[in-house]
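Going by this note's numbering, 1475 is the number at position 371 of the sequence shown; the sequence numbering is gapless.
Possibly wrong hints are sitting among the right ones.
[Stated by the list, open to error] List time: in silico BS3-like cross-link candidates among lysine-lysine, alpha-carbon distance up to 25 Å:
1) K1431 x K1663
2) K1566 x K1504
3) K1637 x K1657
4) K1431 x K1657
5) K1358 x K1394
6) K1504 x K1490
7) K1431 x K1664
8) K1395 x K1380
9) K1376 x K1358
10) K1358 x K1395
11) K1395 x K1376
12) K1380 x K1358
13) K1505 x K1490
14) K1671 x K1504
15) K1490 x K1566
16) K1376 x K1394
17) K1657 x K1671
18) K1505 x K1566
19) K1671 x K1505
20) K1394 x K1380
Hints are computed from structural coordinates only; laboratory data are not their basis.
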Amino acid sequence: MNERGLVLVVPAFEKGRGGGHIVRSVSLTEELRELGFESYLFIPRTPETGSGSAVPVDPGIRFSAEDDPGLIPWDLIVLDRFRTDRQEFVYWSSLGPVLGIDEGGPSRDDFDFLLDLLPALPGTSPANWTLPELLPLPQNRRPSFDTVSPDGRLRILVSFGLEDSASLGMSAAESASRIPGTLVDLILPRHSGEGPPDPARGGSGIRVRGPVPALRETLAGYDLVITHYGLTAFEVLRAKVPVLLISPTEYHEKLARSAGFFSLGTGTRGLKNLRKQCTSGYESVSGFVKKIRTICSECAARHGIAGDPVQTLGSFIGKLNLSVPEKCPACGDERTRAHGNIGRFSHRTYRRCAECGMVYMLRAYPSSIHYGEDYFFEDYRRQYGKTYLEDFPNLVEAGKKRISRIRALASRSNTPDDSGGPPRLLDIGCAYGPFLEAARSEGFSCVGIDPSESAVRYVREKLTIAAYRGFFPEFRLPDFEIGDGFDVVSLWYVIEHFTDPGFILHEISRLLKPGGILACSTPSFSGISGRTKPEEFLRRSPEDHWTIWEPEKTGNILKKQGFSLEKIVTTGHHPERFPVIGPRLRPGQGAVYWFLGGLSRRFRLGDTYEFYGVKETGERSKTWLNG
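Model the full assembly from the supplied sequences, consistent with the hints where possible.
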């Protein structure tokens, strides 16, 4: 985020949602402040405080609903609400980019970005990040899960959070105290209404305590902790203390077992199982505790919290620099919350516009790709087995085929135009100029633009073709180059690199003469790879591809910017990418390979495509007619 970024953290204050979200949100807000951000904790106007009243909040970080958060230009809104309903989400998402932490509600799929600190259930839509190591875990730890107290006594902590909504704490403590030689600490909510422990149920050895500040730093003093699935359970793992769970709900039970914890069951059933274990004799209890130690050791390693953390939740969020469009970058539709998310990966979310169908990317960090020599040499070699310049002759030949398609859309190619010269062509993202070379050889007057200094130098000095270094459209060509406009503007595997292709097409239209031709190529989400493995396609999509195009959606997108779609050519046919049989084929060999190649061409299943459009302004220019 920008320095001094405005961050609003919104926890769950409602009764029945526990206190872990509030504790974590307070800690996050304070840490972000320490890192230099202007962060606030949202306090609802009439909170059903539940356990919230048990958590001290510094008045300096409070942001009351009475102050109207809608008046602030938030850089980030963090929702740590357990389950956010749709109405809540619509409100908060209207105020800024939204990051959800451990979100399990009906709006989970709609968040811009999701961070799971506590592992979600199998089958839950994936988060962008699953990072249990970012939990605010204790610094005080025991040497290992097998560590025992010097006096041999078993010290047990029973804590079911700041609410204990299922009233499990007292019964669990009374059962635990039946183990001979056991010391039991029971933490009860401040307003629990529970009476003193019942000696008849084994409650004589229980020390009852209220909420403990910084409880996680006291965990290492115990030999066993009994709690439910949640933040405390992971804190106990971090402290290398065996933890035993009893679930207040079936949902908690599913989470506990999915995460690999040892759980005795839900509610009354779990309490009965605990009492049975605690009254089964010393040898049985000893074996039971040993089993818990083994399971907890494996669980800690599984979730990556056995070692020292490399960053904190605050430092992770502080590094985010979210790029979340306020409208569709292709058609301008502003109903972005109606645009469904179709894929989440580390640092990226993909969303499909409900109006034009364009798939576009939301990024958590700026792209790290730079268009220098490495981009055209080492990066290109890794993908194609040769450098860009080594592939130059093949690229020129491919360019000549494209020129022939452009000619087919026009009434002439190298006949004089109104000014007496050849047709004029601008290649945006020209790289080292293979298409410029092809166009010049076919009689075009050419000029190129590219952000790479070395590429532009090569075009100027080696090819002796006019070229300029810069990013389109920020860089403006000299007026003498623009003249009365271009007959052709081309972008070969470039349009997807722009964050706002709709605006780019508009700017290109301004540079084209009436009836001028737009020529583009781009990866296709409708190819065999996108159709059969859409998640893998999105995962492998380069981080600087801001939009992902599809042939069937192209016409409407062009029409909105004043172009008519005249031709589509599907390219990038890969029979080896067909499911099941494809991976077993030898490229270029065998009847099956050629059959699948023909099938790919027949049904337009190539992984890339070219599209050609014509600028429409009333009647088309008589010098550039549709072929």
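Going down the list of hints, with the structure as the test:
With a C-alpha separation of about 18 Å, the suggested pair K1431 and K1663 falls inside the 25 Å cut-off, and the hint holds. Note on K1566 and K1504: the hinted pairing holds, with a Cα-Cα distance of about 19 Å set against a maximum of 25 Å. Between the alpha carbons of K1637 and K1657 the distance comes to roughly 19 Å, so the proposed pair stays at or under 25 Å and holds. Restraint check for K1431 and K1657: satisfied, since their Cα atoms lie roughly 17 Å apart, inside the 25 Å limit.
For the proposed pair K1358 and K1394, the alpha carbon gap of about 23 Å is at most 25 Å, so the pair holds. Note on K1504 and K1490: the hinted pairing holds, with a Cα-Cα distance of about 21 Å set against a maximum of 25 Å. For the hint pairing K1431 with K1664, the CA-to-CA distance comes to about 15 Å; that is within 25 Å, so the pair holds. Between K1395 and K1380, the direct Cα distance comes to roughly 16 Å. Compliance with the 25 Å bound is thereby established for this hinted pair.
Our distance criterion of 25 Å between C-alpha atoms is met by K1376 and K1358, whose separation comes to about 19 Å. For the proposed pair K1358 and K1395, the alpha carbon gap of about 20 Å is at most 25 Å, so the pair holds. With a CA separation close to 19 Å, the supplied pair K1395 and K1376 stays within the 25 Å bound. Annotation: proposed proximity of K1380 to K1358 holds, straight-line Cα distance about 22 Å (limit 25 Å).
The suggested pairing of K1505 with K1490 holds, with an alpha-carbon distance near 22 Å, which does not exceed 25 Å. Restraint check: the Cα-Cα separation between K1671 and K1504 comes to about 17 Å, which is no more than 25 Å; the hinted pair holds. Taken as a hint, the K1490 and K1566 pair is honoured in the structure, with Cα atoms around 20 Å apart against an allowance of 25 Å. Among the hinted pairs, K1376 with K1394 is consistent with the structure: their alpha-carbon atoms are about 20 Å apart, no more than 25 Å.
Straight-line distance between C-alpha atoms of K1657 and K1671 comes to about 13 Å, which keeps the hinted pair within the 25 Å bound. For the hint pairing K1505 with K1566, the CA-to-CA distance comes to about 23 Å; that is within 25 Å, so the pair holds. For the hint pairing K1671 with K1505, the CA-to-CA distance comes to about 14 Å; that is within 25 Å, so the pair holds. This hinted pair checks out: K1394 and K1380 have alpha carbons roughly 17 Å apart, not beyond 25 Å.
Checked against the numbered hints above, the structure breaks none of them.
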